[in-house]
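Trainee: Chain residues, written in single-letter form:
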Amino acid sequence: MAFDGMSRRDVLRASALATVAGGTLAAPAVHAQATTTLRCGFWDHWVPAGNGAMRELCAEWGEKNRVNVQVDFITSVGNQNLLTIAAQAQSRSGHDILSFPTWEPAAKYDMLEPLDDVMGRLTAKYGPVNAAAEYLGKIRGKWVAIPAVSGTQMKPACVRFDLMEQHAGIDIRAMWPANDTRGPGADTWNWDTFLTAAEKCHAAGVPFGMPMGSFTDAVDTVGAIMASFGASMMDREGKVTVQGNAKLKTAVEYLVKLSRFLPNDVWAWDDGANNRALISGRSALIFNPPSAWAVAKRDAPQVAEKCWTVPVPAGPEGRFTPYLPYFWGIWAFSRNKGPAKQLLEFLSERTSAEKQTNTSNGYDIPPFVSMNNFEVWAKEGPPVGTVYNYPLRAHHNATASIAMAPAPAEFAVQAYQQALNTKVVARIAQGGETIDQSLDWLHRELTNIVRGG
Amino acid sequence: MVADGSHALGGMASRDRGRANAMQRFARRRSTIAFLMTLPLLAIIVGLVAYPAAYAIYLSTLNRRMTAFAGTLNFELLFESDTFWMVAFQSCFFAITAVVLKASIGFWLAHMLHHIPDKGQRKWRGMLLVPWVIPPALSTLGWWWMFDPSYSSINWLLAVISVPEVPWLGHHWWARIAIIMVNVWIGAPFFMIMYLAALKSVPEQLYEAAMIDGASSFQRLRYVTLPMMANIISITVLFSLIVTFANYDIVRVLTNGGPRDLTHVFASYAFQVGILSGNIPRGAAVSLFMFPILALCAFFVLRSVTRRNKEQM
Numbered sequence: 018m019a020f021d022g023m024s025r026r027d028v029l030r031a032s033a034l035a036t037v038a039g040g041t042l043a044a045p046a047v048h049a050q051a052t053t054t055l056r057c058g059f060w061d062h063w064v065p066a067g068n069g070a071m072r073e074l075c076a077e078w079g080e081k082n083r084v085n086v087q088v089d090f091i092t093s094v095g096n097q098n099l100l101t102i103a104a105q106a107q108s109r110s111g112h113d114i115l116s117f118p119t120w121e122p123a124a125k126y127d128m129l130e131p132l133d134d135v136m137g138r139l140t141a142k143y144g145p146v147n148a149a150a151e152y153l154g155k156i157r158g159k160w161v162a163i164p165a166v167s168g169t170q171m172k173p174a175c176v177r178f179d180l181m182e183q184h185a186g187i188d189i190r191a192m193w194p195a196n197d198t199r200g201p202g203a204d205t206w207n208w209d210t211f212l213t214a215a216e217k218c219h220a221a222g223v224p225f226g227m228p229m230g231s232f233t234d235a236v237d238t239v240g241a242i243m244a245s246f247g248a249s250m251m252d253r254e255g256k257v258t259v260q261g262n263a264k265l266k267t268a269v270e271y272l273v274k275l276s277r278f279l280p281n282d283v284w285a286w287d288d289g290a291n292n293r294a295l296i297s298g299r300s301a302l303i304f305n306p307p308s309a310w311a312v313a314k315r316d317a318p319q320v321a322e323k324c325w326t327v328p329v330p331a332g333p334e335g336r337f338t339p340y341l342p343y344f345w346g347i348w349a350f351s352r353n354k355g356p357a358k359q360l361l362e363f364l365s366e367r368t369s370a371e372k373q374t375n376t377s378n379g380y381d382i383p384p385f386v387s388m389n390n391f392e393v394w395a396k397e398g399p400p401v402g403t404v405y406n407y408p409l410r411a412h413h414n415a416t417a418s419i420a421m422a423p424a425p426a427e428f429a430v431q432a433y434q435q436a437l438n439t440k441v442v443a444r445i446a447q448g449g450e451t452i453d454q455s456l457d458w459l460h461r462e463l464t465n466i467v468r469g470g
Numbered sequence: 112m113v114a115d116g117s118h119a120l121g122g123m124a125s126r127d128r129g130r131a132n133a134m135q136r137f138a139r140r141r142s143t144i145a146f147l148m149t150l151p152l153l154a155i156i157v158g159l160v161a162y163p164a165a166y167a168i169y170l171s172t173l174n175r176r177m178t179a180f181a182g183t184l185n186f187e188l189l190f191e192s193d194t195f196w197m198v199a200f201q202s203c204f205f206a207i208t209a210v211v212l213k214a215s216i217g218f219w220l221a222h223m224l225h226h227i228p229d230k231g232q233r234k235w236r237g238m239l240l241v242p243w244v245i246p247p248a249l250s251t252l253g254w255w256w257m258f259d260p261s262y263s264s265i266n267w268l269l270a271v272i273s274v275p276e277v278p279w280l281g282h283h284w285w286a287r288i289a290i291i292m293v294n295v296w297i298g299a300p301f302f303m304i305m306y307l308a309a310l311k312s313v314p315e316q317l318y319e320a321a322m323i324d325g326a327s328s329f330q331r332l333r334y335v336t337l338p339m340m341a342n343i344i345s346i347t348v349l350f351s352l353i354v355t356f357a358n359y360d361i362v363r364v365l366t367n368g369g370p371r372d373l374t375h376v377f378a379s380y381a382f383q384v385g386i387l388s389g390n391i392p393r394g395a396a397v398s399l400f401m402f403p404i405l406a407l408c409a410f411f412v413l414r415s416v417t418r419r420n421k422e423q424m
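Residue numbers (our numbering), protein chains in the order written: chain A, 18 to 470; chain B, 112 to 424.
None of these hints come from the bench; they were simulated from the model. Every residue gets a Cβ at the ideal spot worked out from N, C-alpha and C, and that includes glycine. There may be inaccurate statements among the hints.
As the list claims (entries may be wrong) - On the chain A side, residues computed to face chain B include the following (Cβ under 8 Å): (1) S231; (2) K274; (3) F278; (4) N353; (5) Q435; (6) H460; (7) N465; (8) R468.
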């Protein structure tokens, strides 16, 4: 027998070796099975293909890292995402990673895992993110969430170039061509020129479609106009700066003047009303991401092929483009913080970001300034190059703006959600108050917010 | 004690019987049975009414970050806010106007239906109930399309007969009227069906007697119908007042509280302050304001119902 010449000790040694060898050989198979499950709740994209890109990226990363990534898409319709965040924060259970809309990282900062390490590696690789993203995501010196690609949008001007040329005499395509140069007249693209053009287009029956209600498009646009006049309602320390604020008064006066040349029902417009105004051919200009143009491409191609996205006009203190970002955050109660951080880093990498932007037809804007040169924005059309100027580019000399900044985020969010900046204008233009009465009201409301802590 | 120990066993058995009897007696008590029977209901009330209410009160006493006790600060700040008082006025205006209109239209419709023969009545009853059956968020969206600031179909129809455009959602009084109209459209069928049931239960002999006494149709309504329906009118008005006061979806879909917060009601304002602005304690404080107002209404309405019942006994 084969065992004849073996001692008991040899048999034991051989069996031990066999066990170790068996275990080692079998190891890849054992480790190939995902033992960690990462639960992610991402924003349910307006563009249907947007969700597909996120799902594919998560699956790709999960496969490489042997992590089972479960992805849920949570809609912002009916504020479902805000309700989900509030519920998970209260119950301290739910997803590991969640998409947080603009103000939520600041609201939940003490319940979120600091992500300075991830942001450190990403900024080392891709350079800084824009200032508005930093203001919203870096709370008390710590990054509590990563500025996301999916869902993040800018709101530059989407112009009907034919109507603008016909009624206001401005060749907007020549002014802002689909390359990195400023065309003739670009230096005069300011709020005064805009006001004159608004008056002419209003007289021609194609008024600019700028909402002045309480929805985000209105608040963001008015916020950007105020920022370009250097007007703020509250300083970084949370001190209300309404009384005796000459810049704020000038900005409000300008907005009251401008509102006379807008459709008379803009006070009730929601975020879809400006899109409808453009798509129906009743408006010569709106402030919006390319989603309005994309819908027009499908529903009213004759309108879409005459649209051209250009930077927001400049004011005395610079050019500010409305910016509405999403963030990816990890709950502090998550048990999978390590893998969650790795996944977020992967999703923020250039190739992943480009995939998200491409599948959303250029809608998603990456937070890193160095990524504002994806090819999709140059290629999209018709007309080709229509969204070239959608992301911030160096020659725009523009800054991403979020309404109510630089107030501390916990106060700014309340003023933002209550649309105090549009209401202060509406009280004058629609309510018949004087500018001083309206500013006094604003002062009281902001003081009330600050007193609440 | 017998040799096999039967005495001892018998003693133990009788002790057990004694214990079982006490348990049985306890279980057979009416109060115990009643308590056990009501236990599921109590659990539901505690879990779904008392606990959320107590939690809302607790939340309203916290600071914005919900990290420290803030006493009555949230209420004090609301009292100081112009917007809050405007919301309080609008909530009362909306609820009272809508309920009065719903009750009046429901009462009128019920009378109209009551005089239609049974065969045709069923058809009308079904059709008139449709607004109440459709989910309000969905039907309100339909109304919103009709009121749409730029493409209102109602305005289009008005233009056909040369009536100028109405800023349905752009001007605050028109927006308030639009919200009340939608609420009445949805809620009037509920009143109609309740009043119809009440009308059917009024004995025909009372009307016959009144007619013999020479009562006019108004007098029959005033002295027969209304007294006989008083309780159902009170209860339905109270019920509708509570539901209308706490209404959220119509305002949210139609105006989102605009223009200039002039159509906000307590529920929509509480959502804006609590969830959207990330100030849950202040939002809880806003929503709690509905409670004393409604409790007061409920007290007076139910007291009048009890008094009437006693008078009739």
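Trainee: Run through the hints listed earlier and report the numbers of any the structure violates, in increasing order.
Mentor: 2, 3, 4 and 6
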